[in-house]
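For chain P, the structure is supplied; the task is to place chain Y on it using the hints.
Just so you know, the protein sequences line up as chains P and Y, in that order. Once you know that position 406 of the first sequence is 405 in numbering that gives the first Met the number 0, the rest is easy, because the numbers rise by one and skip nothing. Once you know that position 222 of the second sequence is 221 in numbering that gives the first Met the number 0, the rest is easy, because the numbers rise by one and skip nothing.
There could be a bad hint or two in this list.
Derived SDA-like pairs (lysine to any residue); straight-line CA-CA distance at most 25 Å [to be verified]:
#	chain 1	residue 1	chain 2	residue 2
1	P	Lys328	P	Pro120
2	P	Lys254	Y	Leu260
3	Y	Lys122	P	Pro148
4	P	Lys255	Y	Asp273
5	P	Lys243	Y	Lys292
6	P	Lys410	P	Lys254
7	Y	Lys122	Y	Gln71
8	P	Lys255	Y	Gln71
9	Y	Lys292	P	Ser453
10	P	Lys83	P	Lys56
11	Y	Lys292	P	Gln276
12	P	Lys112	P	Leu320
13	P	Lys255	Y	Ala281
14	P	Lys410	Y	Ala64
15	Y	Lys122	P	Glu137
16	P	Lys255	Y	Ala261
17	P	Lys255	Y	Ala259
18	P	Lys19	P	Thr35
19	P	Lys254	Y	Ala264
20	P	Lys135	Y	Asn129
21	P	Lys426	Y	Ala142
It should be emphasised that the hints constitute simulated quantities derived from the structure, not laboratory data.
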Amino acid sequence: MPKFEYAPAPESRAIVTIEKSYGLFIDGAFTRPKATFPTVNPADETVLAEVSQAGPKDVDKAVAAARRAYEGVWGRMSGAERGKYLFRIARILQERAREFAVLESLDNGKPIKETRDFDVPTAAAHFFYHAGWADKLEYAGLGAPGDAPARAHGVVAQIVPWNFPLLMLAWKVAPALATGNTVVLKPAETTPLSALLFAEVCQQADLPAGVVNIVTGDGRTGQALVEHPDVDKIAFTGSTEVGKIIARSIAGTAKKATLELGGKAANIIFDDAPIEQAVEGIVGGIFFNQGQVCCAGSRLLVQENIHDQVIAKLKRRLQTLRVGDPLDKNSDLGAINSREQLDRITMLVDAGVAEGAERWSPACTLPTKGFWYPPTLLTGVSQTHRVATEEIFGPVLTVLTFRTPQEAVAKANNSAYGLSAGVWTEKGSRILWMADQLKAGVVWANTFNRFDPSSPFGGYKESGYGREGGRHGLEAYVTTAPSTLTGAAR
Amino acid sequence: MSRLDVRKTYKLYIGGKFPRSESGRSYEVVSASGEFLANAAMGSRKDVRDAVVAARAALPGWSGATAYNRGQVLYRVAEVLEGRRAQFVEEVAASEGLTARAAGAVVDAAIDRVVWYSGWTDKIAQVLGNLNPVAGPFFNVSAPEPTGVVGVLAPQASSLLGLVSVVAPVIASGNTAVVVSSAARPLPAVTFSEVLATSDVPGGVVNIVTAQTAEVATWLAAHRDVNAIDLTGVAGAEGVDWAALEAEAAGNLKRVYRPALADGAPVEPDWNADPGLGRIRAFVETKTVWHPKGL
Numbered sequence: 000m001p002k003f004e005y006a007p008a009p010e011s012r013a014i015v016t017i018e019k020s021y022g023l024f025i026d027g028a029f030t031r032p033k034a035t036f037p038t039v040n041p042a043d044e045t046v047l048a049e050v051s052q053a054g055p056k057d058v059d060k061a062v063a064a065a066r067r068a069y070e071g072v073w074g075r076m077s078g079a080e081r082g083k084y085l086f087r088i089a090r091i092l093q094e095r096a097r098e099f100a101v102l103e104s105l106d107n108g109k110p111i112k113e114t115r116d117f118d119v120p121t122a123a124a125h126f127f128y129h130a131g132w133a134d135k136l137e138y139a140g141l142g143a144p145g146d147a148p149a150r151a152h153g154v155v156a157q158i159v160p161w162n163f164p165l166l167m168l169a170w171k172v173a174p175a176l177a178t179g180n181t182v183v184l185k186p187a188e189t190t191p192l193s194a195l196l197f198a199e200v201c202q203q204a205d206l207p208a209g210v211v212n213i214v215t216g217d218g219r220t221g222q223a224l225v226e227h228p229d230v231d232k233i234a235f236t237g238s239t240e241v242g243k244i245i246a247r248s249i250a251g252t253a254k255k256a257t258l259e260l261g262g263k264a265a266n267i268i269f270d271d272a273p274i275e276q277a278v279e280g281i282v283g284g285i286f287f288n289q290g291q292v293c294c295a296g297s298r299l300l301v302q303e304n305i306h307d308q309v310i311a312k313l314k315r316r317l318q319t320l321r322v323g324d325p326l327d328k329n330s331d332l333g334a335i336n337s338r339e340q341l342d343r344i345t346m347l348v349d350a351g352v353a354e355g356a357e358r359w360s361p362a363c364t365l366p367t368k369g370f371w372y373p374p375t376l377l378t379g380v381s382q383t384h385r386v387a388t389e390e391i392f393g394p395v396l397t398v399l400t401f402r403t404p405q406e407a408v409a410k411a412n413n414s415a416y417g418l419s420a421g422v423w424t425e426k427g428s429r430i431l432w433m434a435d436q437l438k439a440g441v442v443w444a445n446t447f448n449r450f451d452p453s454s455p456f457g458g459y460k461e462s463g464y465g466r467e468g469g470r471h472g473l474e475a476y477v478t479t480a481p482s483t484l485t486g487a488a489r
Numbered sequence: 000m001s002r003l004d005v006r007k008t009y010k011l012y013i014g015g016k017f018p019r020s021e022s023g024r025s026y027e028v029v030s031a032s033g034e035f036l037a038n039a040a041m042g043s044r045k046d047v048r049d050a051v052v053a054a055r056a057a058l059p060g061w062s063g064a065t066a067y068n069r070g071q072v073l074y075r076v077a078e079v080l081e082g083r084r085a086q087f088v089e090e091v092a093a094s095e096g097l098t099a100r101a102a103g104a105v106v107d108a109a110i111d112r113v114v115w116y117s118g119w120t121d122k123i124a125q126v127l128g129n130l131n132p133v134a135g136p137f138f139n140v141s142a143p144e145p146t147g148v149v150g151v152l153a154p155q156a157s158s159l160l161g162l163v164s165v166v167a168p169v170i171a172s173g174n175t176a177v178v179v180s181s182a183a184r185p186l187p188a189v190t191f192s193e194v195l196a197t198s199d200v201p202g203g204v205v206n207i208v209t210a211q212t213a214e215v216a217t218w219l220a221a222h223r224d225v226n227a228i229d230l231t232g233v234a235g236a237e238g239v240d241w242a243a244l245e246a247e248a249a250g251n252l253k254r255v256y257r258p259a260l261a262d263g264a265p266v267e268p269d270w271n272a273d274p275g276l277g278r279i280r281a282f283v284e285t286k287t288v289w290h291p292k293g294l
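Chain P with its partners taken away, still in its complex shape (with noise of 0.2 Å):
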């Protein structure tokens, strides 16, 4: 099928201000960058801006200002005034939409066309969630009759990942703030600016100082945040293998976590589906930021008897995909995060053709500079297969058969990560079975991918535990413990 030219339609670059070299964002205020390290522009390797690398005594300074801020100002402010801040934060977000769409375009290499249309608008639409749950924690179940009202833990760490960096913060401080903690947030090495941005956000919102601290750095940065003896709870968004770490290191303490890990879903496609729809979210579901999403639907089973059609499908659907500018709002996939993140995802695919995997992608040309990965097929995939068993986190579909539902279960459900999973079939009773059967944490049924403030997020098993979103995401920021500040408002 032959794809229809369009005329490159780049979004300007000149909506968003970058600074040469940023420092952290503690206590209100921008320290004077030090030790800084580049950020690049994925998609043609040039230098955007130099960041900070913060050290033990900048992580010191920013915990020793979110606890001032908890037990002076925060900790102690009316839920309904809470709220209003965060009310503040989301209609700035939407004011400064393009602004940050941009900016997340050229820090990630995602397309515009997704960070305008979903990462940013979702991004507010976290704040706006939150901000109404502020003054009205007491009817949210949390705890029981007799139990100590829930409160706010107190100084929150948490460390974003770089797949959605603006989305994955209001996911992580908005509930932070809504139920009375203040954060400390790292941004992910590759992508801080956006955070950056939003700590922009903050004092226009004229957020009390020291409320929402930025820290900026690598895993070194991370692990003396999460070590920190002043933290009361960690929030982590990244691999199940820093998740265990996480989990080992505050054993034995008082902190908290909640941790959001990988994922290998399995997306189900039975015979019955309807096939155009199933086809594109079968598309949507791994190719969707170019496959770099922890709950990516990236184990295709399909049933055999179907299995030729579909591929056939696809792989028809595939050859109309744009790869190329994230700038350019045509574009349906932009670059790969990182050279380290291209390297992982060319190592694993490698072995999966190996161990015996047919591998296919569409003909397209690829921007010479940056990182970039086409849209890949591999089929002939078995159980055993590294591709099929461990998380590749780029635009890959592996691809598996089924004949019966119970061989779809066990085959979705072998798998040490319980993330999410996706359903297609035309049979409601099947899919309230299959739903029943799946340990996943979230279940798609002929939709993939759909997410929104109101709707709990989370795993099973090895992708993490705590739900983020919704009425459940609070109870990961709220103790019934007695609380040690004296004269707090609720």
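Using the frame of chain P, we list chain Y on its own:
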């Protein structure tokens, strides 16, 4: 001349059966005043692993049973407990050094606690779940599901009330359990397993291993086919470092129910307090299901 009584052999409870420890070991159990009560089986690492296999095998049936059915079964446990009240009063009095009257109050509270949890089985999803009003044409519902196989270190001091207070919330939501009983006071736990075996609780749903906590807890905490662990029983357990157990549990990201702490040291909770929902909440996973709405 009075009749010589027939003593009971106290054994493990695994997969609905009452084996001795595979290790062949037993240990002397004495009363609070130091008198010999019985030789209990001294469970080993292998017994714990067998218990995990049994709990895993029982999980599909128990978690797939209707909540109403689980409630009926738990209520049946209370009925059978009540029928054995006198035996439990005697064992609790001897184990915990209580007067008959005080032991009676403890057994009554234990029975009532099982009744309380039996009524929860079909309310959990209603109280902990909800419909989510997402911004789009989708049906979206969140409901709790059992976490899976739960390892339970039962409290050391409260041999019956504490035991049922940690086991009942785990199985009410559909989990299956591997329980390490109080090391020094294991006899009421063994008799409780006889109650379970005669109360329509399917074999393997609750497995009880009498053992030295320090010897077997590590294996349970590190076991890759255990999904969660309740560390309540570290309080007062000799030679047990709960931080090390929690670190072992991180190997497969088990959900960890930490011990209650006072001044940083584990303490046994007050079992007469209102239990609340905390122990149910700790061992469920929220699953959210989306489906489009349309013509």
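Restraint status (C-alpha distance of Lys112(P) to Leu320(P) at most 25 Å): This hinted pair holds, its Cα atoms lying about 13 Å apart.
Would the hint linking Lys426(P) and Ala142(Y) be met if the CA-CA limit is 25 Å? holds, 21 Å
For Lys122(Y) and Gln71(Y), compute the direct alpha-carbon distance and say whether it is at most 25 Å. holds, 13 Å
Please work out if Lys255(P) and Ala281(Y) have their alpha carbons no farther apart than 25 Å. holds, 13 Å
When you check the alpha-carbon spacing of Lys122(Y) and Pro148(P), does it fall within 25 Å? holds, 22 Å
Would you check the hint for Lys122(Y) and Glu137(P), treating anything up to 25 Å between C-alpha atoms as holding? holds, 20 Å
Has the given pair, Lys328(P) with Pro120(P), been kept, meaning a C-alpha gap of at most 25 Å? holds, 17 Å
Would the hint linking Lys410(P) and Lys254(P) be met if the CA-CA limit is 25 Å? Since the Cα atoms of Lys410(P) and Lys254(P) sit roughly 36 Å apart, the hinted pair is violated (cutoff 25 Å).
Lys254(P) and Ala264(Y): Cα distance at most 25 Å? holds, 15 Å
Given the hint that Lys292(Y) pairs with Gln276(P), does the C-alpha gap stay at or below 25 Å? holds, 14 Å
Please work out if Lys135(P) and Asn129(Y) have their alpha carbons no farther apart than 25 Å. Holds - the C-alpha atoms of Asn129(Y) and Lys135(P) are around 17 Å apart, at most 25 Å.
When you check the alpha-carbon spacing of Lys410(P) and Ala64(Y), does it fall within 25 Å? holds, 23 Å
When each numbered hint is compared with the structure, violations occur for hints 5, 6, 8, 10.
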